[in-house]
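Asks: Spelled out from the first residue to the last, the chains are:
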Amino acid sequence: MADLRLDDVWLSYAADEPAVLRGLSIDVADGEFYAMVGPSGSGKTSILKVLGGFLAPDAGRVLLDGSDVSGVPPERRDLGIVFQSYALFPHLTVGENVGFGLRMRGMRPREQRGEVARLLELVGLPGLQARYPDELSGGQQQRVALARALVTRPKALLLDEPLSALDRKIRQEMQGELRRIQREAGVTAIIVTHDQEEALALGDRLMVLDAGEVRQEGRPSWVYSHPRNRFVATFLGSANLLSGTVEAVEPSRIDLGGPIADGLALPDDARAGDRVTVCVRPERWRLAAVGEPRDAGVTLDATVRRVQLSGQVGEALLDSELGELAVTVLSSQVAELREGTSVRLHARPREIHVLDELESAASGAATAATGPAR
Amino acid sequence: MATTTEAPTAHPGADTALDAADAPRRSVRRRGRPGWLAWLWLVLGIVYTPVAVVIVLSFNASRYGTLPFQPTTQWYAALASNDALIAATGRSIVLSTTVALAAALLGTALALWIVRVAQRGATVFTVLLTTAITVPWLILAVAMLLVANAVGLGRGLGLLFLGSLAVALPYVVLVVVARLQGLGTELEDAARSLGARPITAFRLVTLPLIAKAVLGGTLLAFVITFNNFPIHFFLAPFGYNTLPMEIYTFVLSGYDPDINALATVLIGVAVTVGLVLLAVARRRGGDRTAAAGIEEVWG
Amino acid sequence: MLPSGLLLVALVVAPLGLLVYFGLLSGPGVDGRVTGEEWGRIAGQPELYGRLLLRSLGLGLAATALTIVVAWPTAWALSRHVRRVRALYLALVIIPHLTSSLLLIYAMYVLIAPGGPLMAALVGVGLAGAGDSLLFTRWAVLLMLAYLFLPFMVIALYAAVERIDDTVLDAARSLGAGSWQRFRHVVLPLTAPGMLAGLVIVFTPAAGAFVEAQILGGTDGMMFGTLISEQVSRVNNQPRAAAMSVILLVSILMLLGGLRWGLRRAFPGALRARR
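Residue numbers (my numbering), protein chains in the order written: chain D, 4 to 377; chain R, 863 to 1161; chain Z, 17 to 291.
Source of the hints: derived by calculation from the structure; they are not laboratory data. Heads up, a few of these hints could be off.
[Unchecked claim] Computed footprint of chain Z on chain D; a stretch qualifies when at least three of its residues, placed anywhere within it, have a C-beta under 8 Å from a C-beta of chain Z: (1) 76 to 85; (2) 93 to 99.
[As the list claims (entries may be wrong)] A few chain D residues that face chain Z, going by a derived Cβ cut-off under 7 Å, partial list only: (3) 55; (4) 59; (5) 88.
All C-beta atoms, glycine included, are put in the ideal place defined by N, C-alpha and C.
The whole structure should be built from the sequences, with the hints applied where relevant.
Replies: Now the structure itself:
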């Protein structure tokens, strides 16, 4: 077990192509579950390949337990990897698959037996040693791949989109299992995924990656509620993004182009006249009766256009004076929200987050990292 | 722009599910390492050495293949007036073409029957076909000749045709069966749900889709028949020498510049046909099915 | 549909079955009585028939082994070290074999004849004496058989190598397998199906060959197949040819079965029957 660091890593696949990783630095603590999430093409898998030693970065260092392992080949890095396709050896039984790492370290089959059994127990597949991978379900293969990666007590566990090939139900079950197994094994783990739910559910820490750069890093719940820019806000869950102009800083008052947002916490460097983006998560809206007095925060009038139920909660799309808004509604509310119903929406100041990224009045140019056009 | 509402990113797994189906995965390609490429060239060198020697000697004046090299085209002139070789080439082409066409017709029919009709009998037939492919041609030829002798027919054109057909047929069947199995019946079912009668659905949907496999099988049948010396040697009527038989009699008498010229011409034809087919297959993206067919036959 | 199936039965299965019967007749034609005398004669000359049978099987095995050794790295190089021109390389390996095996045998004859290019080169570098020749030896036959069947083995192994998923190799690496271990424990077993297929399509025709030996082998390289062919075309002892064919076929199938069993034992997981 160990801590893992990338230090200013640059990577490109060909000299004439743009870099895939652009000065990337991450620092994963011992025993931590670190989740990297980003859209496809953001460089997630490349990071794992660099960590695993399959790709050599053009510049920067890979540090394992404080020592530079940049020149160490994959077979001597002592990392457990779970591949997206599982990459189980089709010609070996489950027992032989799990014992493979031990065998490579010179251990005889008889000596492996105990460890193999222990790991299969850990992943919840006791007694399946004699089966072949193609006789197992997708979820079971996933567990075997985990056991195989953990059997050598690696310094860290790398998971490349490990759940993407599974059905929704099994995926949710495996998320809990992954956490349990990682805790029980006490191993540092890095998971790469494009599934924001997975990243939010699994990570002790979350990193949002885009175009080879870190967009934001932090506790999942914090990153979710305090996105720094449009990209993070829309990539993690859905968001209502309202553009406005700062009218006053203390106490804050933002003109949303008609309606007013007041009492919000502004970024430190915000000045009067700056253009800002206000983010309200759909579940943070409160539905109020029409005519209810406005309060601090944002209050808007809107009419229901469409309601979609997906289980206990659903999403309502509303037309407001600021355009289309998404609001999370409870299944019990759906009956009242017919098309054309007028409602008043309210969000209190602490339910609203102003993105760090702002457009200064003076320069008119973006000062914070610009979110990608989406 | 006042508000933006963004749905969560496209359903997770949507694109990766496709990736997963796309077997087998290749990691970032290492560049062709010089050692491996050198090996490839070495193997090609070995494969083409005997061929190259014959080609070079076909332009050498010496009747006994001795040096120094004196360029000439006289052997091509000799070849052009070698009636026996030309007649034999003609016979081989006629035989191979008729056998290939018959094998294509019967083989496709048999393949359809195996895949679509004979559910349980299919295994029996596959075993039968693989056996037919694995028995050495010498033994097959001897067995067929002895049966013909026993029933008092003896060697003959009919026997030559049937023997060649029996050897070539299984290859066509296996290639087409592989394609049909890869195809499934869904497309034809879809056509029928749109109102096509079974025969129309077959003609408009299945037939075009297996056409390439049938063509591949036909070419394979042609090459096999053209090449099948044992069958020719034992079943052809006396005096009806195919090209391999003609070459055989020449070769038994030793070095012959006429054969050098003939070999050069035939290799030229093979290279041209081979490369043209390759180009066509590439243009049509048929690489995969061709590979699948070959694998089905040989794997 | 069914007629073509019946045709196969009539032309392949029935004649092969009848060979057993023909072999029991008294010669020279196939209209004699059942005596089984030819079997006795064959058994009475083990130094001829036994030796040639062993040589045929041995040459078949050696040719198969040789093609595997040459074709394996070729298939790997094609699959992993060539990108766009792969089909072209594959075609180049196959193309000479589209002409006629007899032409290739002839070309080999010219190449290895005494005083021919190969021998001249070998003499030149001091590997052979002036009068030496490969021609009319069993080595010439071995070379010829390996040359003829190389493309089949390349195709069979290429198909198997191409199916190997690179991430499986990456997985082996991450578990500590060095390049030799990856080859030994992952790549080689995963190509076992290709080797098995190659074994069947190379060993059978190689062990059953006859023209190659007749033209290139001389007495030293004579094969069992040559003898069968001569029983039909020169000696005209058809029952003996039938009996010998049965012996050759059964030997080939038995040896093939043994080799298949051995391969399955060596690579149990890779060659197990799938569900």
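Asks: For the hint on residue 55 (chain D), just tell me whether its beta-carbon gets within less than 7 Å of chain Z.
Replies: Nearest chain Z Cβ about 6 Å off; hint holds.
Asks: Restraint: residue 88 (chain D) near chain Z, CB-CB cut 7 Å. Satisfied or not?
Replies: With Cβ-Cβ at 6 Å, under 7 Å, it holds.
Asks: Given residue 59 (chain D) was flagged as interface, is its beta-carbon under 7 Å from a beta-carbon of chain Z?
Replies: At about 14 Å, which exceeds the 7 Å cut-off, the nearest Cβ of chain Z leaves the hint on residue 59 (chain D) violated.
Asks: Three residues minimum, CB to CB under 8 Å: does the segment 93 to 99 of chain D make the cut for coverage by chain Z? Let me know.
Replies: Our answer is that it holds, as 5 residues pass the Cβ test (under 8 Å) against chain Z, meeting three.
Asks: For the segment 76 to 85 of chain D, does the count of residues with a C-beta closer than 8 Å to a C-beta of chain Z reach 3?
Replies: Our answer is that it holds, as 9 residues pass the Cβ test (under 8 Å) against chain Z, meeting three.
Of the numbered hints listed earlier, the single one contradicted by the structure is hint 4.
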